[in-house]
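*Asks:* All chains, please: the whole structure from these sequences, using the hints.
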Amino acid sequence: MNASSTDQLFAEFIAAHEAGGSAPDPHSYLERASTDERSALAARIDDHLASTPRRPWDPAAFEASLSSPLMKGIATSVDGASGLWPALLPRLRNTARLRRREVVERLATDLGVADREEKVAHYYHQMETGLLEEQGVSGAVLEKLARILGLSAEALRDAGRALGPADAPPGAASPALFARTTATEAEYSSEVASAPASPGTEEEDPWDEVDELFLGGRD
Amino acid sequence: MAKSRFRPLSDEQVNGLSDEQILEQVVAARAAGEVGQATRALQILVWGYRGIVAVRVGLKVPKHDVDDVADAALLRAVAAALKPDAFRGSSIGEFRKWTHTIVDRQVVDYWRRRERSVDETELQDEREGNGDSWGAVGVSEDEAGTVDVQAVIDHALGGLSVEHRRSVELYVFECLSARETAETMGDGMTENNVHQIAKRFRTRVRELLDESS
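Residue numbers (the numbering used here), protein chains in the order written: chain H, 1 to 219; chain P, 1 to 213.
Simulated from the structure, these hints should not be mistaken for laboratory data.
Glycine residues also receive a C-beta, built at the ideal position from the N, C-alpha and C atoms.
Mixed in with the good hints, there may be bad ones.
Selected chain P positions facing chain H (Cβ under 10 Å, derived; list incomplete) [said to hold, decoys possible]:
(1) Leu9
(2) Gln21
(3) Gln43
(4) Gly158
(5) Met185
(6) Met189
(7) Leu208
(8) Asp210
*Replies:* Now the structure itself:
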């Protein structure tokens, strides 16, 4: 395969992209390039895509996308009090191949409150369902969680802060709404069904270190 | 993000705005209590880039993880862009550039913290070896932003023989099973060979990422 062949493959990719509106799968083009040329072609395609504006408007395609976990997560996020955490946290968990209960277990251990894992589970659940305000969550929680999920604490804070302050969703932190779900993943939903009960009243469950970590403020 | 008064818009009108104007619309709609309008505007912006981002991620990440990595990258980009005054006074196109920078960072994060896949951990030799663990590594924004992950992957692939490179492409990136990869490769390659080649490739990618940052 010579250079002009690579040029030809790139031109074909561009033509298919322009004709179809959405970006085509580049692998079928890469497979036709020689091994030596494949990386260069991939880089050209990557550069092209990075400078491409949003895809042309297609109402039917847009409507079809609304059932995706991403779009449902955005809807839950905008309607909640936790910024983009309801959309982002499940995606990060999936990439890390961790179930919600595994994240909770590690988070409780890393925070030094392994004996109060149920309470950590309650608050983490609130983060994923848009019921916990970012302002209350301490830096320690975000640092540990960010490490578990593989990004920076700052990026996690940004996601929780995105969309700005909102009125607390009706019943936030209320046991009655504890079963609220993003309905984006079967795995997640099944875990919610077995989610631990929320902290009780002050008399039953006085304010403790875990409350301080999740409700006490950023520092 | 500059504050602006909220004005209800149709989907088509929202789509006609620049990225930065859509972000302003999201903030204004939410501040006005118009959750439906805010949601719709943000979904339109994300939808517009989702396909492009997924294809870019698909060039560098195994197929079965592309959706989650692409979604996370887009959400991180939006989150940062929604910071107050994030793009005030900037030119049109800044959000797009920012998004693709975050995409690259997310891919780097992915490779740095990549856990071993389930079927790889079935192998006794890999279970016993803990020096190749892909455990979580904290990555600062600045650190990740300096790495050209495509170049790193290309470099790692370039160090392989033609046969081994094809094996990595099939097993790591196209997500064939080890058995399918071995059968496709033929020529005496076994499942164990496929796992070992993939393990060495991932180790090399991680080494190169560490050297690059």
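*Asks:* Now look at each hint and say whether the structure bears it out.
*Replies:* Against the structure, the hints come out as follows:
1. Residue-level restraint check for Leu9(P) is violated (minimum Cβ-Cβ distance to chain H is 13 Å; threshold 10 Å).
2. Below 10 Å, beta-carbon pairs count as interface contacts, and Gln21(P) has none with chain H, the closest being about 12 Å; its hint is therefore violated.
3. About 5 Å separates the beta-carbon of Gln43(P) from the nearest beta-carbon of chain H, less than 10 Å, and the hint is met.
4. Interface restraint check for Gly158(P): the shortest CB-CB distance to chain H comes to about 7 Å, inside 10 Å, so the restraint holds.
5. The criterion of a C-beta within 10 Å of any C-beta in chain H is not met by Met185(P), whose closest approach is roughly 14 Å, and the hint is violated.
6. A distance limit of 10 Å between C-beta atoms decides the matter here; for Met189(P) the minimum to chain H is near 17 Å, and the interface restraint is violated.
7. About 14 Å separates the beta-carbon of Leu208(P) from the nearest beta-carbon of chain H, more than 10 Å, and the hint is not met.
8. About 15 Å separates the beta-carbon of Asp210(P) from the nearest beta-carbon of chain H, more than 10 Å, and the hint is not met.
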